[in-house]
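Participant: Take a look at the letters that make up each chain.
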Amino acid sequence: MGFWGIEVKPGKPQPYHSDNVEGTLFVTQATLGLGKSTDRSILQCSVGHKSPIFLCSLLPEKTESCPLKLEFKDELVAFSVVGKRSIHLAGYFVADEGDYRL
Amino acid sequence: MGFWGIEVKPGKPQPYHSDNVEGTLFVTQATLGLGKSTDRSILQCSVGHKSPIFLCSLLPEKTESCPLKLEFKDELVAFSVVGKRSIHLAGYFVADEGDYRL
Amino acid sequence: MGFWGIEVKPGKPQPYHSDNVEGTLFVTQATLGLGKSTDRSILQCSVGHKSPIFLCSLLPEKTESCPLKLEFKDELVAFSVVGKRSIHLAGYFVADEGDYRL
Amino acid sequence: MGFWGIEVKPGKPQPYHSDNVEGTLFVTQATLGLGKSTDRSILQCSVGHKSPIFLCSLLPEKTESCPLKLEFKDELVAFSVVGKRSIHLAGYFVADEGDYRL
Amino acid sequence: MGFWGIEVKPGKPQPYHSDNVEGTLFVTQATLGLGKSTDRSILQCSVGHKSPIFLCSLLPEKTESCPLKLEFKDELVAFSVVGKRSIHLAGYFVADEGDYRL
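Chains as they are written, first to last, in the working numbering: chain A, 57 to 158; chain B, 57 to 158; chain C, 57 to 158; chain D, 57 to 158; chain E, 57 to 158.
The set of hints was computed from the structure by calculation and includes no laboratory data. Quick caveat, the model's predicted, so the values are computed rather than measured. Just to be clear, a hint being listed does not mean it is correct.
Stated by the list, open to error - What the simulated footprint calls covered on chain C by chain B, stretch by stretch (three residues with Cβ under 8 Å from a Cβ of chain B suffice, anywhere in the stretch; the number is not a length):
| id | region |
| --- | --- |
| 1 | 78-87 |
| 2 | 120-132 |
Said to hold, decoys possible - Here are the simulated EDC-like cross-link-like pairs (lysine to aspartate or glutamate), alpha carbons at most 16 Å apart as the crow flies:
| id | chain 1 | residue 1 | chain 2 | residue 2 |
| --- | --- | --- | --- | --- |
| 3 | C | Lys-106 | D | Glu-63 |
| 4 | A | Lys-129 | A | Asp-95 |
| 5 | B | Lys-106 | C | Asp-152 |
| 6 | C | Lys-118 | B | Asp-95 |
| 7 | B | Lys-140 | B | Glu-117 |
As the list claims (entries may be wrong) - Which residues of chain E face chain A? A partial, calculated answer using Cβ under 8 Å:
| id | residue |
| --- | --- |
| 8 | Leu-81 |
| 9 | Thr-84 |
| 10 | Phe-110 |
| 11 | Leu-115 |
| 12 | Glu-127 |
We put the beta carbon where it would ideally sit given N, CA and C, even for glycine.
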């Protein structure tokens, strides 16, 4: 198990796939990055050729963090941002071998 | 297990039933879709002939995301929106065969 | 397991007891009902003769939904509302027989 | 398992210890009590001689409820309030004997 | 298992490592400390030489608490604050020896 975090920047989709280690990624928190724009930044997730789904909408000076509860396993997903400020994602990875259960 | 997401559009109830695969759907997040209306959009859920139950109320420019914790298994439910802007739902599906426990 | 939801109306306490089926009720979401009052509606819970405990406070146009994490098993409880607008409660029921664990 | 709730009043720390029954207390929700003060009320927790730690900060007319996720077992803790309005705490107690796991 | 809490002060990163006891730290809540600054305070987490990741952003008089869901095990992490007011973190520690599962 370990802490997991990425910064998803506007215009730069972040793919996620657990390449080497079998396990489950738990994404539990989204926080707005620094910046001057006062417009919302929306986090979205794309799987394959399906339409992207919004995961949260962060509003500068109003709601800058959002708890999430997402789990990913053996999937190729891509996180991206609609808006001008980046979104930080945090969570943790649990490898399959142990008998750990959330 | 896999990411699950749908966009529920106004005036178009979205039924959910796990047709082919036995398992549990975990719906964990609701996010307001894009649009110009500044009125609230409410997500509701109907089961059979019972009155619909509100699941969350999203307020443009104030509260545009909401964590949920709902589980569905072997049920026919319908999600719908009261309001003018769509609501994106996200979560994940866990098939029964594994020994996975949330 | 199944979706569970009720609407708690002002002045009309809603008792809950799992009569026929042994199991656990998970109440995970509260959402403000429709109405014109702009005052807060508070959800409270009473068990036996103890003083009622507030579970959440919903503010029209500000915070109209609230995640909860409550579990009830073999108890007689009563939900009621302090305020003028109803509160919708949602969650799910898990029967005892399976080996399901949350 | 059973519903658990207390009202923590200003100036009156509330100790908690599971005296008679071995088990775990899950504290999952804090809600602001009634009152006229518009200042924040902060919930804090003290264990032994350590400095108290803030658990949540409730703002009248803005954020009057807060989900928590705290677990206490075989500990003497004291909840107290910084501010003028009380804070209601809700959750549930799970006795050790069963094989229940959260 | 036991309550865990620290206050992370500006300019003073707080390392965390479970030195003596094997187990998992669950960090579940962040609350803004007292102070006069009305600017946001951001909690961030650093692991090794990677860029710090934002975990939440607290806004005085608007959003002063934030639920988290982070788990740390056998890792050296450092929490720090971007901003002028401290952030209190709360959660609990579960030692490995028991058969406790969250």
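Participant: Are any of the numbered hints broken by this structure? If so, which, sorted upward?
Facilitator: 4, 5, 8 and 9
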